[in-house]
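Residue numbers (this note's numbering), protein chains in the order written: chain A, 10 to 282; chain B, 10 to 282.
For identical chains, the list gives no copy identity; a pair is met inside one copy or between any two copies.
Below, in silico cross-link-like pairs of lysine to aspartate or glutamate (EDC-like), each with a Cα-Cα straight-line distance of 20 Å or less: (1) K87 / E237; (2) K219 / D267; (3) K97 / E74; (4) K26 / D69; (5) K94 / D61; (6) K87 / D235; (7) K87 / E126.
These are calculated hints, taken from the structure and not from any lab test.
There are 2 protein chains.
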Amino acid sequence: MTDNIGYIIPIGGAEEKVRDAQILTRFVEVAGGDQANIAIIPTASRLKDTGDRYATIFQDLGVKEAFCLPYETRADCKRADWLDKLSKATAIFMTGGNQLRLSTLLGGTPVADMIRERNATDNLHVAGTSAGASIMAEHMIAYGDEGPTPRSDMVTLAPGLGLTHRAIIDQHFGQRNRIGRLMTSLAYNPRPIGIGLDEDTAAFIDHERKLTVVGSGAITIIDPGDLEFSSMDSARRHEAVCLINMRLHVLIEGCTYDMVTRLASPAPLPELS
Amino acid sequence: MTDNIGYIIPIGGAEEKVRDAQILTRFVEVAGGDQANIAIIPTASRLKDTGDRYATIFQDLGVKEAFCLPYETRADCKRADWLDKLSKATAIFMTGGNQLRLSTLLGGTPVADMIRERNATDNLHVAGTSAGASIMAEHMIAYGDEGPTPRSDMVTLAPGLGLTHRAIIDQHFGQRNRIGRLMTSLAYNPRPIGIGLDEDTAAFIDHERKLTVVGSGAITIIDPGDLEFSSMDSARRHEAVCLINMRLHVLIEGCTYDMVTRLASPAPLPELS
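All chains, full assembly: derive it from the sequences and hints.
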């Protein structure tokens, strides 16, 4: 029943693209290697060459096909020829930029519906970096303030693509001091977990919702499942929010996290040679 | 397959409780009439007698049983005796107050899971007024500013109970000048519709997600399904947001709205006698 669920692959931004492009290499493997047919959605970016740059990288990594779908208007999202190409892709890659560009343009259109539907039932793998990572979950961080302490009114949540309910995803996590806003986003309703992705670090989340860390940085997991108290309901604007009894994991390359059981595991020991 | 989905009944607050309590009367009918077993969750309110007051009203309307589950801590939400009572209820009623009290206390606990599960599969009907209405949907308006114009940073969204993805629900709608914040909440991602409930007005949403208006006020529906443009991604903080091509309905007693097809219908003509 879960066999046809595709991967979800949020990347924390600024992934290495040339020397040791392990995240993009692993993504290409998941997408089908030399059979991969990758649709790049550069919509979050305002730079004209962002999508073509990724197309060249994926072609250099040996995919069958990599092409851009440069959605610029909501009308674009109804184009039959582009929907047809999207329907044949084995994987999607969403670039960085502004996640509100993605959500305002794609939200509620056949493109968003097709991505959600094919990821859930047709083995479509969906990757995204930076803004492209933020958009993936049901609840998306639209923007927010920096700082380590959760504070009322520090973060703005909005509906995302809806590929998973189980997590709220933040990116450029260590680099931009975002643990406060991630905790704030969980303080409203401690139902999802928080996933904070450092730059050049990705979460490969499989069909059983088991996450594996790939890349040079860390992934911070905040699990509020046993939360005993949140003061979010009584906090004044900009006031620090009290949160009692969260679970926290910092995971590096090769570590795994089961998003269903909420258990983390270290990387397997290297095999003896 | 949809036969065991219970009603969702958001109420805009300040519903008439004594003289012509048509909303509460209709709710009791849906809940099973003289066989109804209603669990009242007064958690949103800080007033001690809020739950008991509703229990008396429902008993006067002839239910079999009406009782309070006064969750005050997250630990309360694991109490086996209360979960057992919840598992036998035919309907839930959530009072007004502060929706963040509900989401911070119930979110991610067995209580929220059971309400969601039993509403989706076991004919549990879920009603809520004011804060109790806001919490119902997947995306909840936590708080926001008054005013008719959508503006960046005007509203704070958070995860709610998750009984429906199809709508964002606001309440005390006409009385508190909330159309700006409802449009803002849709401007991030025009995927759900917006439902604005006036006071003393309820949306009775059945298992096929057909909504019927009951009460003395109006329900405003904002459907961004054909939205052509949202400026939310480029708006500066507090700046007005441009939204092109929304559909708007104002519905009164007896009108219906199909949340799947997104078509509104006027109240049926009275039968000739």
